[in-house]
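J.: Residues per chain are reported as follows:
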Amino acid sequence: MNLNLKAKKNNTYDAIVVGTGISGGWAAKELTENGLNTLVLERGRDVKHVEDYPTMLLDPWEIPNNDMISAEEAKHYQKQMRTGYTVLETTKHWWIRDTDQPYEEEKRFDWIRGYHVGGRSIMWGRQSYRLAPMDFEANAKDGIGVDWPIRYSDLEKWYSHVEEFAGISGEALGLEQLPDSKFLPPMELNCLEKHLKESMMDNFGRVLTIGRAAHLTRSIHGRGTCMMRNLCMRGCPFGAYFSSNASTLPAAAATGNMTLRPHSIVDSVIYDEELGKATGVRIIDSETLEVVEYYAKIIFLNASCVNTTLIMLNSRSNRFPNGLGNDSGELGHNMMDHHFRVGASGEYDGFEDMYYHGRRPGGFYIPRYRNFGTDKRDYLRGFGYQGGASRQNWTRAVRELAIGEQLKEYVTTPGKWTMGMTAFGEMLPDHSNRMYLNFEKRDKWGQPTVVFDTEFKENEWKMREDMKNDAAEMLEAAGLKNIRMFDSPGGPGLGIHEMGTARMGRDPKTSVLNKWNQVHSVQNVFVTDGACMTSAACQNPSLTYMAITARAANYAADEVKKGNL
Amino acid sequence: MERREAIKRTAALMGGVIFAPTILGVLKGCTPSAERWTPVLFNSNQASLVTALSGTIIPATDTPGAVEVGVPGFIERMVNEVYTEEQRNGFLNDLDLFDEECLNSTGNLFVSLSDNEQYQYAFQKNGEAIDSELAGGPQFFLIFKELTMVGYFTSEVGATQVLRYEAVPGIYEGCVPFDEIGRAWAT
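Residue numbers (numbering that gives the first Met the number 0), protein chains in the order written: chain Z, 0 to 564; chain B, 0 to 186.
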């Protein structure tokens with residue numbers, strides 16, 4: 000009895016954060032900086048900034064097999080490899096082996112993920128855009144899903160808060176549909192991109208700008224500036240892009256209030272029927288298989304959309320037989336991603352004496368213009384484009400006549416300028432798009448497996464026509480030749496922006512979380528990763544997760560201090 | 000040199016505190032070497048053909064060629080490790096077919112042709128492959144040419160002596176006269 004009490008005391012904190020990715024890192028930072036003694040749980044191994052980036056400095060000739068993994072290894076990464084760019088020899092340690100945590104697909108779903116401290120903040124695309132006032136109003140206006148319980152004005156100062164710490168480079172434009180961040184200096188467009196920018200404004204009145212990205216173009220908070228290597232996914236030796244490892248977790252650790260526990264798979268949230276609130280979490284130590292309970296006043300679930308939802312669906316009690324806080328029946332539903340991989344590319348005759356220096360990590364951005372202002376389409380919402388221009392390199396010579404000495408000479412000059420762009424479109428929330436658990440089929444940790452039943456629907460398919468044709472039209476107007484359109488949607492999930500399965504809302508009957516990201520019926524549990532999203536907008540979502548997390552964490556800390564939680 | 004420079008710059012940026020063991024580990028990464036290649040998949044005819052053909056596609060000039068930088072070993076490793084069993088068997092079969100065709104059309108195996116004859120024959124095969132790829136699907140010659148080029152231009156010689164490579168560019172300039180860069184970038 001005494002021993003148990005002592006164990007319980009040793010395992011008790013003010014706050015528990017589940018997950019160390021983009022949102023978990025922010026929860027850890029804000030809670031610890033508010034003085035809360037915080038346990039941060041991560042299901043994967045520890046990754047120390049720089050020290051644990053084993054491939055960050057390798058030159059091409061130090062990497063075997065052109066950075067491709069062996070056919071034997073590839074058998075373990077069949078789903079993770081669906082992106083075509085994720086699982087390389089130099090990055091394979093960031094992605095899980097599908098054979099370690101299988102999932103089922105009633106309909107194709109690309110669940111691309113990595114388990115380690117830092118999560119996908121190490122491998123993310125770094126594109127960072129604020130949502131706009133119209134994005135928070137869209138559901139109410141269109142009668143789709145439920146209304147966001149917050150508006151842009153609720154989040155505005157938190158966007159600034161996270162941007163000043165994370166560091167977002169970009170160009171201020173004053174656009175209503177894409178509010179400016181607190182920017183570091185923008186990276187430069189190249190010759191052909193500048194040309195397209197002018198052509199788009201002249202011919203269509205549309206804007207093109209350099210991608211807004213979490214890359215430091217000026218050193219802040221002890222992190223170095225981007226060295227233009229474009230090897231981000233291996234981990235950055237300069238800490239020049241935002242990751243939990245380079246940014247939020249060191250800040251949390253510096254407070255002395257953080258206990259980081261890797262190898263901790265959260266099985267469930269412990270719900271106390273008498274108290275009517277959560278008292279802690281139950282974890283499985285992935286190394287020892289020991290089951291351990293940790294206790295806290297508040298719990299932040301930041302395990303990423305699908306895993307947070309998995310934990311909640313797996314937290315069953317008499318009060319919540321269908322999963323923690325699932326009175327509405329919406330938990331696991333309204334799964335969204337962005338639909339993309341549709342657009343066009345072409346070649347340009349000109350600028351033949353011009354080139355570029357350095358490998359800019361990212362391209363240009365074309366903010367949404369459809370269903371905005373006076374534009375009205377036969378579908379709802381819209382899309383933005385991401386793209387870039389470059390000159391063809393040596394690989395073009397594979398299909399050229401030159402061999403021998405001529406081949407060596409030929410490739411020393413760059414080829415034609417080419418340019419391509421893909422749209423990222425908003426996906427609507429739909430109750431029938433869902434994930435659920437198969438309790439009969441369990442993984443090697445004894446956890447139920449996830450089943451996906453999600454698809455793109457009519458609004459997405461209609462939008463894709465514009466996404467494809469507009470791209471070709473804009474390239475053509477800029478004088479590009481040999482324009483090719485592409486449309487290869489893959490499955491939902493491929494955008495790696497999965498979201499929406501524990502949505503925020505005003506009404507507990509139709510949503511899981513309230514306006515402070517508290518579970519309606521279990522107010523000391525907060526969900527601030529992608530699961531909380533009420534609609535998707537068309538912008539890359541990570542910056543919004545950061546802002547929402549910082550807002551909720553500061554609210555939670557205040558409530559703890561006031562004795563309300 | 001660029002590697003050394005990269006580490007120096009990294010160290011400078013990290014305020015001189017650099018993680019020596021990590022960097023040393025990275026530095027020890029070994030480069031495949033031509034001399035040490037002992038075929039494990041190719042039989043001796045195949046190995047000779049791969050050597051001769053890759054050397055014809057990228058010969059030694061004032062800079063080393065494909066054979067000198069270890070491309071034959073690179074090709075074998077790709078085929079042996081990255082290819083699926085089906086792709087691997089297809090590649091080996093195509094290698095043998097290439098020799099058979101060469102024998103039928105020239106009266107000699109490819110390796111027995113003179114340097115000039117090898118060039119002429121490969122030039123012809125390259126042109127035919129480009130012409131027939133659109134209708135006929137993947138062509139062995141182009142698959143082989145691509146493997147040779149990938150092996151060569153990701154080698155230190157190909158990337159730094161023939162093309163231009165910077166491990167740590169430091170800056171991005173979007174519109175620079177090509178003359179200031181001088182050669183096409185390797186990456």
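It should be emphasised that the hints constitute simulated quantities derived from the structure, not laboratory data. Computed from a predicted structure; not experimentally measured. Hints are supplied without guarantee of correctness; some may be wrong.
To be verified - Here are the simulated distance ranges between beta carbons:
1) Z/69 with B/93: 18 to 24 Å
2) B/95 with Z/404: 54 to 60 Å
3) Z/101 with B/127: 35 to 41 Å
4) Z/219 with B/89: 52 to 58 Å
5) Z/84 with B/38: 48 to 54 Å
6) B/136 with Z/454: 30 to 36 Å
As the list claims (entries may be wrong) - Chain Z is nowhere near these chain B residues, computed Cβ spacing over 10 Å in every case:
7) 57
8) 83
9) 98
10) 104
11) 113
12) 154
13) 179
Note that beta-carbon positions come from the ideal geometry of N, C-alpha and C, so glycine has one too.
J.: Does each hint hold? Answer for all of them.
T.: How the hints compare with the structure:
| no. | hint | result |
| --- | --- | --- |
| 1 | Z/69 with B/93: 18 to 24 Å | 21 Å, holds |
| 2 | B/95 with Z/404: 54 to 60 Å | 28 Å, violated |
| 3 | Z/101 with B/127: 35 to 41 Å | 46 Å, violated |
| 4 | Z/219 with B/89: 52 to 58 Å | 53 Å, holds |
| 5 | Z/84 with B/38: 48 to 54 Å | 32 Å, violated |
| 6 | B/136 with Z/454: 30 to 36 Å | 32 Å, holds |
| 7 | 57 | 6 Å, violated |
| 8 | 83 | 5 Å, violated |
| 9 | 98 | 18 Å, holds |
| 10 | 104 | 18 Å, holds |
| 11 | 113 | 14 Å, holds |
| 12 | 154 | 5 Å, violated |
| 13 | 179 | 8 Å, violated |
Against the hints set out earlier in the document, violations occur for numbers 2, 3, 5, 7, 8, 12 and 13.
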